[in-house]
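Chains as they are written, first to last, in the working numbering: chain P, 1 to 115; chain F, 1 to 115; chain X, 1 to 115.
Among the clues, some could well be false.
A pair holds if it fits inside one copy or across any two, identical chains being indistinguishable in the list.
With a straight-line cut-off of 25 Å between C-alpha atoms, the simulated DSS-like cross-links for lysine-lysine are [claimed, not checked]:
| hint | residue 1 | residue 2 |
| --- | --- | --- |
| 1 | K34 | K115 |
| 2 | K37 | K115 |
| 3 | K115 | K58 |
| 4 | K60 | K115 |
| 5 | K58 | K37 |
| 6 | K34 | K60 |
| 7 | K60 | K37 |
These are computed hints drawn from the structure, not numbers from a lab. Since the structure is predicted, the reported quantities are computational estimates derived from the model, not experimental observations.
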Amino acid sequence: MTIQRVGVGPRMSNAVVHGDTVYLAGQVADSTAKDVKGQTAEVLAKIEAALSSVGSDKTKILSATIYLSNIGSFADMNSVWDGWVSQGNTPARTTVEARLAAPGYLVEITVTAAK
Amino acid sequence: MTIQRVGVGPRMSNAVVHGDTVYLAGQVADSTAKDVKGQTAEVLAKIEAALSSVGSDKTKILSATIYLSNIGSFADMNSVWDGWVSQGNTPARTTVEARLAAPGYLVEITVTAAK
Amino acid sequence: MTIQRVGVGPRMSNAVVHGDTVYLAGQVADSTAKDVKGQTAEVLAKIEAALSSVGSDKTKILSATIYLSNIGSFADMNSVWDGWVSQGNTPARTTVEARLAAPGYLVEITVTAAK
């Protein structure tokens, strides 16, 4: 199977396609001044853009892992997620708390999708 | 490749099958009064049920990520895991500590399997 | 699709190959006296060995999840990672903080690769 890499940097690629499966890098917000709802919305928009860059979209997400810097923001994150995710096409999902690479990051989401 | 979703809710699906690969949602215990051994047993039973719902079983698990709310329960979790996992067919596994979505959750396990 | 397991133990396997996709167990250093740079170098060497055991190599890594026991070691880990990863073939990557199975483990890395 072929491997296609998009957004290839010296440390990581933003999306890697192996055959019919898409692996995205963990997405975080650029605007760390936003609250968790704002950062979640930005992260989900970045996921849509990354999926689009390889010919996929949010109806084809297979699995998602959500890392929250404070699990107390679970409800706020979900309020944005629930309005964004494709109804009838929801992925397998796992959500845990974890400190993220920079203190301002409140949420990071990693997804696997079908092409 | 086809995508099949089982246990489709408005927030996530319990299992997603892409071609020959199965992605399960992170499984947690319903009975949060149980200790970590009891919760692990319940989580593993839920994994078996979810795999069965898509025609897979525990001999076909490819990878597992185990999140413990307290890594000090590593030995207790393993005592249940070791008796459950299919000998000769053990998956690639990663175990880390993470606070989970509700305070009563002591363990969450996410698996990928072959169909 | 076929399933091949390598380094099969009673608790986990070191590598599992499903069709053309390789899942590795989370790799940690044997030498926990080393600092995070030393442990990262050892972990990456173990990943190369595990990939080699199934006919893959670091140019084919699709995704990586990096767990640091202290996210403050992000720059030190990256200094080793950046010199190791195959330029032009960097994977999708996620890095979070998590306490690991033993207190001496400073970094654990889980990768998925193409065969």
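The hints, checked one at a time:
Neither within a single protomer nor between protomers do K34 and K115 lie at most 25 Å apart by alpha-carbon distance, with minima of 31 Å and 41 Å respectively. In this assembly of identical chains, the alpha carbons of K37 and K115 never lie at most 25 Å apart, being 28 Å within a copy and 36 Å across copies at closest. When the C-alpha separation of K115 and K58 is checked against a cutoff of 25 Å, the pair qualifies both within a copy, at 10 Å, and between copies, at 23 Å. For the homomeric pair K60 and K115, the shortest alpha-carbon distances inside one copy (7 Å) and between copies (18 Å) are both at most 25 Å.
Taking the closest pair of Cα atoms, K58 and K37 come within 25 Å of each other only inside a single copy of the chain (19 Å); across copies the shortest separation is 37 Å, beyond that limit. In this assembly of identical chains, the alpha carbons of K34 and K60 never lie at most 25 Å apart, being 28 Å within a copy and 36 Å across copies at closest. Within a single copy, K60 and K37 get their C-alpha atoms as close as 23 Å, which meets the 25 Å cut-off; across copies the closest is 36 Å, which misses it.
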